[in-house]
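Engineer: Go ahead and model the full structure; you've got the sequences and the hints to work with.
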Amino acid sequence: MSASLIIEQLLNGLQFGVMLFLMSAGLTLIFGVMGLINLAHGSLYMIGAFAAAVVAGWSGSFWLGLGASLMAAALAGTLVELLVIRRLYRRDHLDQVLATFALILIFSESARWVFGDFPLYLGVPEFLSGVVKLPFDISYSKYRLAIIVVGLAIAAGLFLLIAKTRLGIQVRAGEGDREMIAALGVDISKLYTLVFALGAALAGLAGALVGSLQSVEVGMGEPVLILAFVVIVIGGIGSIKGALVGALLVGLTDTLGRFLLPVAFKAVMEPAAATAVGSALASMAIYILMAAVLIARPSGLFGKAAG
Amino acid sequence: MLKNCGFRVALAIAIVAAAGLTLASPAAAAGKAKVGMITTLSGGGSGLGIDVRDGFLLAIKGHDNIEVVVEDDQRKPEVAVQLADEMIQSDKVDILTGIIWSNLAMAVVPSAVNQGKFYLSPNAGPSALAGKGCHPNYFNVAWQNDNLHEAAGAYANAAGLKKSFILAPNYPAGQDALTGYKRFFEGDLAGEVYTKLGQKDYAAEIAQIRASDADSVFFFLPGGMGIAFLKQWAQSDIDLPVVGPAFSFDQGILQAVGEAALGVKNTSQWSKDIDNEANKTFVADFQAEYGRLPSLYASQGYDTGKLLISALDVAEVSDPEAFRAALEAADFASTRGDFAFDKNHHPIQDIYVREVIQEGDVLTNKIVSVGLEKHSNAYVDDCSM
Numbered sequence: 001m002s003a004s005l006i007i008e009q010l011l012n013g014l015q016f017g018v019m020l021f022l023m024s025a026g027l028t029l030i031f032g033v034m035g036l037i038n039l040a041h042g043s044l045y046m047i048g049a050f051a052a053a054v055v056a057g058w059s060g061s062f063w064l065g066l067g068a069s070l071m072a073a074a075l076a077g078t079l080v081e082l083l084v085i086r087r088l089y090r091r092d093h094l095d096q097v098l099a100t101f102a103l104i105l106i107f108s109e110s111a112r113w114v115f116g117d118f119p120l121y122l123g124v125p126e127f128l129s130g131v132v133k134l135p136f137d138i139s140y141s142k143y144r145l146a147i148i149v150v151g152l153a154i155a156a157g158l159f160l161l162i163a164k165t166r167l168g169i170q171v172r173a174g175e176g177d178r179e180m181i182a183a184l185g186v187d188i189s190k191l192y193t194l195v196f197a198l199g200a201a202l203a204g205l206a207g208a209l210v211g212s213l214q215s216v217e218v219g220m221g222e223p224v225l226i227l228a229f230v231v232i233v234i235g236g237i238g239s240i241k242g243a244l245v246g247a248l249l250v251g252l253t254d255t256l257g258r259f260l261l262p263v264a265f266k267a268v269m270e271p272a273a274a275t276a277v278g279s280a281l282a283s284m285a286i287y288i289l290m291a292a293v294l295i296a297r298p299s300g301l302f303g304k305a306a307g
Numbered sequence: 001m002l003k004n005c006g007f008r009v010a011l012a013i014a015i016v017a018a019a020g021l022t023l024a025s026p027a028a029a030a031g032k033a034k035v036g037m038i039t040t041l042s043g044g045g046s047g048l049g050i051d052v053r054d055g056f057l058l059a060i061k062g063h064d065n066i067e068v069v070v071e072d073d074q075r076k077p078e079v080a081v082q083l084a085d086e087m088i089q090s091d092k093v094d095i096l097t098g099i100i101w102s103n104l105a106m107a108v109v110p111s112a113v114n115q116g117k118f119y120l121s122p123n124a125g126p127s128a129l130a131g132k133g134c135h136p137n138y139f140n141v142a143w144q145n146d147n148l149h150e151a152a153g154a155y156a157n158a159a160g161l162k163k164s165f166i167l168a169p170n171y172p173a174g175q176d177a178l179t180g181y182k183r184f185f186e187g188d189l190a191g192e193v194y195t196k197l198g199q200k201d202y203a204a205e206i207a208q209i210r211a212s213d214a215d216s217v218f219f220f221l222p223g224g225m226g227i228a229f230l231k232q233w234a235q236s237d238i239d240l241p242v243v244g245p246a247f248s249f250d251q252g253i254l255q256a257v258g259e260a261a262l263g264v265k266n267t268s269q270w271s272k273d274i275d276n277e278a279n280k281t282f283v284a285d286f287q288a289e290y291g292r293l294p295s296l297y298a299s300q301g302y303d304t305g306k307l308l309i310s311a312l313d314v315a316e317v318s319d320p321e322a323f324r325a326a327l328e329a330a331d332f333a334s335t336r337g338d339f340a341f342d343k344n345h346h347p348i349q350d351i352y353v354r355e356v357i358q359e360g361d362v363l364t365n366k367i368v369s370v371g372l373e374k375h376s377n378a379y380v381d382d383c384s385m
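First to last, the sequence lines map onto chains R and F. Numbered per this note's numbering, the first sequence spans residues 1 to 307. Numbered per this note's numbering, the second sequence spans residues 1 to 385.
Hints were generated in silico from the structure; no laboratory data involved. If you're wondering where the values come from, they're calculated on a predicted model, not measured in any experiment. Keep in mind that a hint or two might mislead.
What the hints assert, rightly or not - In the SDA-like style, the derived pairs of lysine to any residue whose C-alpha atoms are separated by at most 20 Å in a straight line are:
1) 266/R x 175/F
2) 76/F x 112/R
3) 142/R x 175/F
Structural biologist: Structural data, given as structure tokens:
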């Protein structure tokens, strides 16, 4: 096992983590600010990917597709917030889970109805396809490198937004005490719609970016949604910093686990059995990580202590 | 009084004759059968179920003696079991078919055949139902799960490949796949990796392939997993031949893979360019009826329908012995050409090596060679039939 392979796998873990961050940032903001569990976040991811695939296929431009993914997901997020979610803020978490689960079914079946049963095509733009030579004799996918850069840039932008802008102050205040900021004259319902649309747009962008590497199909959002929940539980619900650290931890643990665990087991048992045990354990690794974090810090790494 | 009596006798005779007529008429034409189709029509993987259903319905079009009930199993074993019970108890079906996934087949088939129903599998062929768990009423019209992977191993030998890196998802069909490949592949393994079922990111695995000294890659990643792998593989610029079973290259998903699939060799028991009348008719009729090219799943559904028609032409379902013998004879024109059942009721058939090509702006497959001729399966001797 060479050093360049390990560095390549670290980059892969970083890229996966950055992707998860785009998904979980929206989820954690929505939960933190509005106290809402949104299971339909995965559907917004799917909407982004489908919008990108359709627009890119129709126009031939990846960038128009990317723009379409942001707009379609933000629009869908806004509509969902205005029509459905708005009625749920005062309700029990269980009601929210039920309603947003219904949204998953509605979005999935509508997507099938409109786009058919077969996956759609979304490719990587020409100038980002292929590999780039990095130091230490590493060949790395240009597109994945671009995802890392874009993801980190968005993370930086979100931190500035939350820390420096008026909107960010309102968001943080909303997390702290929503009655108080409403009393201070902030239009809380507009703020909620805005935050929801922002979270949706990020999910849509993630869907489009990942869709060009993976497959654009109905039901693509739900596995990612589960990982995003793992991320925000590890990072601490409502914390953007927690989402970033949690996403990178999950991304690195999963990638390195898949790569290193079978190798490690080969040292102590025969190859076939080592592969089986190693891969089985690798798919549990992030959940073991989550359990360990919850034991040490029940409210997550950056979460506010409960009570 | 006498007159009245005569009238009654005449009436009785008329009734008996009419009853006899209704009893006799189906035998004169073909046997009647009620078929329950349980397949995946919604959620992930519904493309496969829809193709099987469409192929089957196309085959039996115009055959009024076959009545079909179609239900969606949502790819959930518990739903499939419930549907099977319902079809057997309230719909009183004679024959079940349609299941795509091996885990669902394992949940439904043993209980259905033990209740005396026939099961014709248009897809799933788990080894458990081919070996010790074989049953006189269970017929697989598609393949035994290992078959296409075995052909891929045979192809790798023929192509002079010596060191393969192999990967599949970590679930029973994935393990069967790697076992099947290794059963025929004579070279060494550069690496053997089980991925998580449903995994869509293969960066870590592709990096390992790059770092290994493999001269080829074999993968079994059905549906969306295969689309993701091939797209990422194409981005990696690694120049190694890739071999896989047809499940990642069927007509339904090729367009989503795009150019990344071009030139890839894959193994299949069916291809739209197999040169026989039955296949030409099938491909033309399918396109005319549904406006898209058929996949191997559609051909399997179609052959299942044709097999059923051929059996009903010579026997009644109500006579299980005769009906079973009629199925075993497999006296129908398969889209695959020569087709016969081995004694464990799984096909003996040629398995082809296909290459992905572009026809106009549509990606499709063409046959380049025969991977395994008249191939049966490794479990025949475990079956006590």
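Engineer: State for each hint whether it applies.
Structural biologist: Quick rundown of the hints versus the structure:
no. : hint          : verdict
1   : 266/R x 175/F : 18 Å, holds
2   : 76/F x 112/R  : 19 Å, holds
3   : 142/R x 175/F : 33 Å, violated
Hint violations for this structure: number 3 only, all remaining hints satisfied.
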